[in-house]
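Please put together the full structure from these sequences, using the hints given.
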Amino acid sequence: MSKRQLAMVMDLNKCIGCQTCTVACKTQWTNRNGREYMYWNNVETYPGTGYPKNWMELGGGFDAAGDLQPGVIPNLEADYGVPWDYNYESLMGGQADSNTFHPHISPTWGPNWDEDEGAGAFPQDNYFFYLPRICNHCTNPGCLSACPRDAIFKREEDGVVLVDLDRCQGYRYCIAGCPYKKIYFNPKISKSEKCILCFPRIEQGLPPACAQQCVGRIRFVGFLDDEESQVHKLVHKYKVALGLRSDYGTQPNVYYIPPTESPAKFDAEGKIIEGSTRLPVGELEKLFGPEVHDAIKTLKTEMKKRKETGVSELMDLLIAYQHSDMFRLDNNYYQQVAKENKRNPLAPVDTRYIAGKFTKAGGHH
Amino acid sequence: MAVQAALEKCEQYEPWTMEKMYKVGGFLLINEKAAKSSPLYSDRPFNSNEDHLYKMERLETLSGRQTFYVDHELYIKMGAATNTGMEGIRPQSKDYPYVFMTPHARWSIHSNYKTSRTLLRLQRGVPAAQVNRVVAEAKGIKDGDTIRIYNALGEFYAMAKLSSSAPADGLVLEHGWEPYMYLKNKGHNEVVPTALNLLEMADGWGHLKFGGLWDGNQYAYDGAVNYEKAKDVQY
Ligand code: SF4
Ligand code: SF4
Chain W
1142 MSKRQLAMVM DLNKCIGCQT CTVACKTQWT NRNGREYMYW NNVETYPGTG
1192 YPKNWMELGG GFDAAGDLQP GVIPNLEADY GVPWDYNYES LMGGQADSNT
1242 FHPHISPTWG PNWDEDEGAG AFPQDNYFFY LPRICNHCTN PGCLSACPRD
1292 AIFKREEDGV VLVDLDRCQG YRYCIAGCPY KKIYFNPKIS KSEKCILCFP
1342 RIEQGLPPAC AQQCVGRIRF VGFLDDEESQ VHKLVHKYKV ALGLRSDYGT
1392 QPNVYYIPPT ESPAKFDAEG KIIEGSTRLP VGELEKLFGP EVHDAIKTLK
1442 TEMKKRKETG VSELMDLLIA YQHSDMFRLD NNYYQQVAKE NKRNPLAPVD
1492 TRYIAGKFTK AGGHH
Chain V
-12 MAVQAALEKC EQYEPWTMEK MYKVGGFLLI NEKAAKSSPL YSDRPFNSNE
38 DHLYKMERLE TLSGRQTFYV DHELYIKMGA ATNTGMEGIR PQSKDYPYVF
88 MTPHARWSIH SNYKTSRTLL RLQRGVPAAQ VNRVVAEAKG IKDGDTIRIY
138 NALGEFYAMA KLSSSAPADG LVLEHGWEPY MYLKNKGHNE VVPTALNLLE
188 MADGWGHLKF GGLWDGNQYA YDGAVNYEKA KDVQY
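Protein chains in written order, with our numbering: chain W, 1142 to 1506; chain V, -12 to 222.
Read the hints as simulated data drawn from the structure, not as lab findings.
Since the model is a prediction, treat every value here as computed from it, not as a measurement.
Careful, some of the hints might be misleading.
To be verified - Covered stretches of chain V (chain W as the covering partner; in silico rule of three or more C-beta atoms under 8 Å from a C-beta of chain W):
no., segment
1, 75 to 86
2, 96 to 105
3, 165 to 176
Where a beta carbon is used, it is the ideal one built from N, C-alpha and C, also for glycine.
Written as structure tokens, this is what we have:
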């Protein structure tokens, strides 16, 4: 366990599935150098098969006794999907033969393949919602436990989980060990790579790109031990933000406000069934555990209170009137850490990611 | 040549010339005349309708206001004097029992950005249509299959997405795909009749005489189609 822990809270009632977060992450970190197929941030439609395909059934994580569980390494073609490319040059010639512009392979899978498909029958009880996912920067990371080379580390100062690329030999045990399949193998450099929680931004007091760009204003970022932080209030004070599949035993640090606002069902005549809700609460329990019932109760109570009295700290928090009110980060803190550890406060605090924690001067290069 | 002509004709492009555009890397900045309904500021975002909200300028409608009631004979005759929900004009035919719906796309403004690789990889990479899961299964169509969508006017191909949110009597395809992105270069408009809305003809033509933002109205959702698993082609 690290001294401090950064956390992100995502309010699923507000996610519109626009994928701005995905593109923010993709264009910043993963559109090049063997990372093309990786989506450190992806947004999938739930219920659905997700990305990689059926990730919830691929093992990893820990059992109740704390033992690491075996897991499967997804296949590029079948489970992630080969990132297809296009014959853009064909658009220049002005020729109008058949299917001028097309992907170089038949697309078979991708990070948002089952977008908007959902479950139920139209129009009686069809439903779906969006589930944005990044690495959970777990307190007990399955990826870290699975690595025989001690190449994955969790930062003391904020709990960010990183791969030491110098130590990583590309064995891929980490991929099997992560129950969220949020660590990926880079075939170009034969090493594993994952979400770095935009640590170069965080260390400057800026939120990760996915959170900064989020159109729906669903993402809060801060330190869990900071009682003034939005994440502390949502996770610990009001207990309305819950980990995804906490039953995997990794103690995830991305938390979700469960989607509570689903419309009512219709009967055979197309009339509203009063008091019904389309989104089966059993599904939410599967994702967020039995605590979801209390979380929903608190959210509904506060919503009602807000409607009747106009006052609710929780609702104000979730509305997020100012985008800047969603983040509590502190670059002074990182400057302090750098000073204490006698690192250069002007450079990114963590140079292990690029230089290697165990790299000796004049080492193997 | 088109750019040259535009530069000469449009006062919104003043004082830009071809040479100046080359120098800065192939673009120009439009001037303050390029905006409608609000000034174009150089230092803050454009917000529409400031002229009407703050300067009380007339809207370019017959009444000068937002118009929700038109008592023209033809409007009254067609039951459209005020905004009214109506049955689509598509043929009620057993051969083509599905309404063809083309809602606005999530990321593109019409066809803008439609060929972005980054965005195409976030969907199916080819034009995809949501079809009702139960109906599609009865037709022997699986998710990811290529389907042929057709009516008496024509046909085109799309990848099927079996969805719980598509109505049983409809088919949903985001708009904005260019014909060249489809198999056989046949775009989705192949099956759309695009009938001119009769209300256009009130008082001659031009939605009551070609006002400021006239744009030739058609009927929404006038396409009735059928679909089947494509036989010899595949995306
Ligand atoms: S989500 Fe996966 S990759 Fe991220 S820290 Fe947890 S176990 Fe590791
Ligand atoms: S940017 Fe925000 S609203 Fe859009 S998909 Fe991502 S998390 Fe959801």
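Hints versus structure:
For the segment 75 to 86 of chain V, the stated coverage by chain W is not satisfied: 0 residues place a CB nearer than 8 Å to a CB of that chain, which falls below the threshold of 3. Counting residues of the segment 96 to 105 of chain V whose beta carbon lies closer than 8 Å to any beta carbon of chain W gives 3, which meets the minimum of three for the stated coverage. Counting residues of the segment 165 to 176 of chain V whose CB falls under 8 Å from any CB of chain W gives 7; the rule of at least 3 is met.
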